[in-house]
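A.B. asks: Combine both chains into one complex, guided by the hints.
Note that the protein sequences, when read in sequence, are chains A and B. Counted the way the numbering used here counts, the first sequence spans residues 1 to 344. Counted the way the numbering used here counts, the second sequence spans residues 1 to 290.
Just so you know, these hints were derived from the structure itself, not from any lab. Heads up, a few of these hints could be off.
What the hints assert, rightly or not - Per label pair, the in silico range of CB-to-CB distance:
| id | chain 1 | residue 1 | chain 2 | residue 2 | range |
| --- | --- | --- | --- | --- | --- |
| 1 | A | Gln4 | B | Gln245 | 28 to 34 Å |
| 2 | A | Ser152 | B | Gln245 | 19 to 25 Å |
| 3 | B | Glu288 | A | Glu279 | 51 to 57 Å |
| 4 | A | Asp263 | B | Pro252 | 25 to 31 Å |
| 5 | B | Asp97 | A | Pro80 | 16 to 22 Å |
| 6 | B | Arg241 | A | Asp103 | 52 to 58 Å |
| 7 | B | Cys43 | A | Glu279 | 52 to 58 Å |
| 8 | B | Pro88 | A | Asp263 | 33 to 39 Å |
| 9 | B | Glu288 | A | Arg341 | 34 to 40 Å |
Virtual Cβ for every residue (Gly too), placed ideally from N, Cα, C.
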Amino acid sequence: MIRQILEKTEELDRKIEALKELQKDEASHLVRHEAGERAEDSYDGEDAGPEEHLEQWKSCEKELKHLEKLKRDFLEQTGPLSAADHVVLARYAKRPHIEDFIDGLFTDFFEQRGDHLYDEDRSICGGIAMFHGTPVTVVGHRKGRTVEENVSCNFGMPCPEGYRKALRIMKEAEKFRRPIITFIDTPGAYPGMEAEEHGQGEAIARNLAEMSAFTVPVISIVTGEGNSGGALALSMANRLYMLQYAVYSILSPEGFASILWKDASRHEEACELMHMTAEDLVEAGVADGIIPEPLGGAQEDPEAVYAAIATELDSTLRAYRAMSPEAIRADRMKKFREIGRVSA
Amino acid sequence: MDTAENVSAGSLYKKIGSLIFRGSQYPEKETGSLPSFITCKSCKRRSTKAAWAENYYVCPECGAYRPVSADYRLSLILDPGSRKDLDPGLRAQDPLDFPEYKDKVKKQELKTGLKEAAVTAVGRIEGQRVVVGILDSRFFMGSMSAAVGEKITRAVEYADKNHLPLILFSASGGARMQEGIYSLMQMAKTAAAVREFSEHGGLYISILTHPTTGGVTASFATLGDITLAEPQALIGFAGPRVIEQTIGRKLPKGFQRAEYLYEHGFVDAIVERKDLRETLAKLLLLHERK
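This is chain B alone, in the form it adopts within the complex (with noise of 0.2 Å):
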């Protein structure tokens, strides 16, 4: 698959632009001929695009993580040629015909190429068949609509019915505000899906990715059987914000970070992005049904 999100022709020059004056979030297309360079948001320092690319978009300067098209992550992790999406034409639908919602989602659309924040799909990890589901933090910051909950939980059930492995990437802001109740109850949905597929003797192997909160922390993503994090990622039930708020001080440096829920033991594993997969088939293969 292609690394990157579609660009149309109209707004290239602008994506180019801010390219090379502000630093783009996330990784393009490579544009011909012209210079193109990523300013680290963390180190402030450039490096060109082949460079991030070469380095799996972690600062080949200081080793900062940035984010990642769902695209780019399934083109890691799978054997090339096997990805096969689910459910690609879910969409979001507006249930309390929400103020602005529509126009909001037609924009995420527009900029992300993508239908919903959650991509989803059947695929092989060196020669192992898998079901991978995504949450992409470009679109509506990953935040869980009911059309999301639906998507995850049918990727749930797609590998629980073939009796595949399952693992999701998670990143989100938290709830859809704009789906209110419907978004809430997508936890519910989810979590039982889980639950039903582990009965079954399911394998779900949780990737927590910057950011995962919220609604997605407290339902699928901390339930896997084996739970991953990438490096830095910031991971909770509530942002740093509203503990600062509640508490009404600083909260210390690495709060919420992988490395401290790690320490913490909430995870298994911090796995570098370049080494995903190659974990990822290892896991597999420790589990593999005889």
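Bound-form chain A, shown alone (with noise of 0.2 Å):
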């Protein structure tokens, strides 16, 4: 249902870029005549004048104004999304990107590099940053936006030298006492031989093992798709939140139907057994809050998603800082402590 709906509205898309083109084409032959230039691309010696670019101009904008509203309306049209619809816009590769949350939340990111141990994974971007005059950490999973970004992020599926990296990192965090902040957006991590040979689930244990401990506050903010040890592994938080349409699951839905049922084509069916929406995981005691996204998804509005994150990041960032270090350490600890308690 909402592939369809983000098919139309891409094509949508594409035709407002275009007439937007148009539209600028235009205004700028205006200015040049106010300017009382003749334009010098015309060939055949015969501009067109003011009052016809003028004419362009506002059906242009007549144009513009009905496919937008057009689009509008296809959104609207969206009603109750299911499961599987949250994982495809979770996935939806026009969704910001940690690049994007970076730009659209912080000022003067200093990115930092390596493990400094054997390689520097792509897949995972962190650095310092200062959020409203406060230096923070930022960690988290890049998936690339062009094909050759893809490949070279690993689709965001780090290796073990992904999360030593983000260890190094946030370890960094914790000597001079700045909060961690990071963006969870991953298929997992990745299944590869040589990830396997070089340690991969010892990485995530220890990044679970180090994260417990820190004396920092550390918020994760679910952006996109999380799955398996390889988010938890960035997520081991004092407070998590979720964008509205962000998932987070034990296991991709397909890997979740070919283990259970041996069959990965049921992960439709799979996604709505799974609990795996951000209402979920709020009811689970996983999440501490939803971010909300405009119709249609963040793509669609990403200034109001970063404003609506940097409300939450303010308010608790400010809870945060009342607190003595060990009080941060415990109130960490017993989240996790509490989440599904199982008694006997």
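C.D. replies: Structure follows, in structure tokens:
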């Protein structure tokens, strides 16, 4: 369902883009006329008059309004979304990625690279930045935008070197008593041969153990898909927020279906059973809040999403500023000790 | 302790039948005068139960390791009569109300006589008190449910509070899918507990047995001060099938086996089952707090 709507809106987006270009052209002609210049690119020597450009500009404007309304109408048809729809939105390629969140939320970003042991894993992006006058450490999964970037970032699937890089960066934050903000968006840890040889399990376990002992606040925001240990390894946080259409689960729905029913094609069915939407995660006590997204998803109005995240970060950081380092650590321990408590 | 799970009278015939004709996967109770053989899954040769038992359930013919029950492992390493179970009542919940999960749990309970995949106990090795936790792969492939995570965490906390060394045997297919995100969160909970225990100076010996994979590998299993493995055990994060699908080719022979991890620097020693008690006693002595 949501897939068709996204296809439609993509088509409309393309038209809108083209029209905007055209309109810009007309506007620049008008400006030149105002300045009393003759357009030099008119091949027949007969440039259209300013009235004509104005007319063109106006008709572009009208058409744009029409298309934008059409798009809104489409999005409004969306109706209630299924869990599988959430997964489609969470993975949608146009969704803001870590670089966008860094640009939209922070200033003075300084990227830290490499695990300083063996390699630089591009699927993790991290560094130090300023948030409303306070230095913070930022770490998250990086998926890349173009195909080349996707490949160089391994589609956001870290190897052990990525987790070790993240840990190194976070430990530096602990040393300098800087809050840590992580952005979660990964299909999972990379299931490759070298990843295994280099200790994928150990790297994830080490992150969990070390993060549990940090005395600075860790705040995680699941922005896209958060799958399995690969997501958990960056989200052992005091507070975890989810974007409205983000998902967080034990495994990808495809993996889940293939383990449970030996049939990955039943992934949509799996989504419904997995309790993986933001609302489900709040109910489970794993997520502490939901950051609203515009109709159709975060890509429709990224600025609004950044503003909503900033508000949440602001108030959360303020709350932790009043706490002692030991209390911050105990707060995180308590959270994970309590989730899904089993008693006998 | 007994060396095998209890077999109800009704299923006895079936059990014996499967022993004779197909070979049971696990050591069974001696069944009087009936001839009983176990076929090795590896070399396909049959040996008598007595021969297997004498050889610690390692194939007398080819040396292949058979998975064994938690009870058997405890009997193998603890001083006789020293075992006292911790939290024996903890059992799986059904937090997602997952279709058929309750029935499946019930079946596992009937099959194994266990309440969950983890068995934890306090006992003695050569007189030294220890806390031991064991994942029993017969129960839901030793997968990590919230109850398993809770039981392991409580064992770590018990060891911490009482200043006792901790020994955990891992054997797990990974997460308990039917418990979703709650299963995932056990990785965080157990890893945090081990971290705190370690900070207080506690000794944790992790023993990786066949198979140790997924969320267990990526949490407490790889956080030991000393890491031992049983010969031939499969140890990894991603399963071999998933890796083969990802890289599009067959994995080399021996990949992710204990010996491979030993060569790649993730295991301190590979210890044969028959030598385990002695090795543990030595390690405990070397770590004795003066």
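A.B. asks: Indicate, hint by hint, whether the structure satisfies it.
C.D. replies: Each hint, compared with the structure:
| no. | hint | result |
| --- | --- | --- |
| 1 | A:Gln4 with B:Gln245: 28 to 34 Å | 29 Å, holds |
| 2 | A:Ser152 with B:Gln245: 19 to 25 Å | 22 Å, holds |
| 3 | B:Glu288 with A:Glu279: 51 to 57 Å | 52 Å, holds |
| 4 | A:Asp263 with B:Pro252: 25 to 31 Å | 29 Å, holds |
| 5 | B:Asp97 with A:Pro80: 16 to 22 Å | 21 Å, holds |
| 6 | B:Arg241 with A:Asp103: 52 to 58 Å | 40 Å, violated |
| 7 | B:Cys43 with A:Glu279: 52 to 58 Å | 54 Å, holds |
| 8 | B:Pro88 with A:Asp263: 33 to 39 Å | 37 Å, holds |
| 9 | B:Glu288 with A:Arg341: 34 to 40 Å | 35 Å, holds |
Going down the numbered hints, you'll see the structure goes against just number 6.
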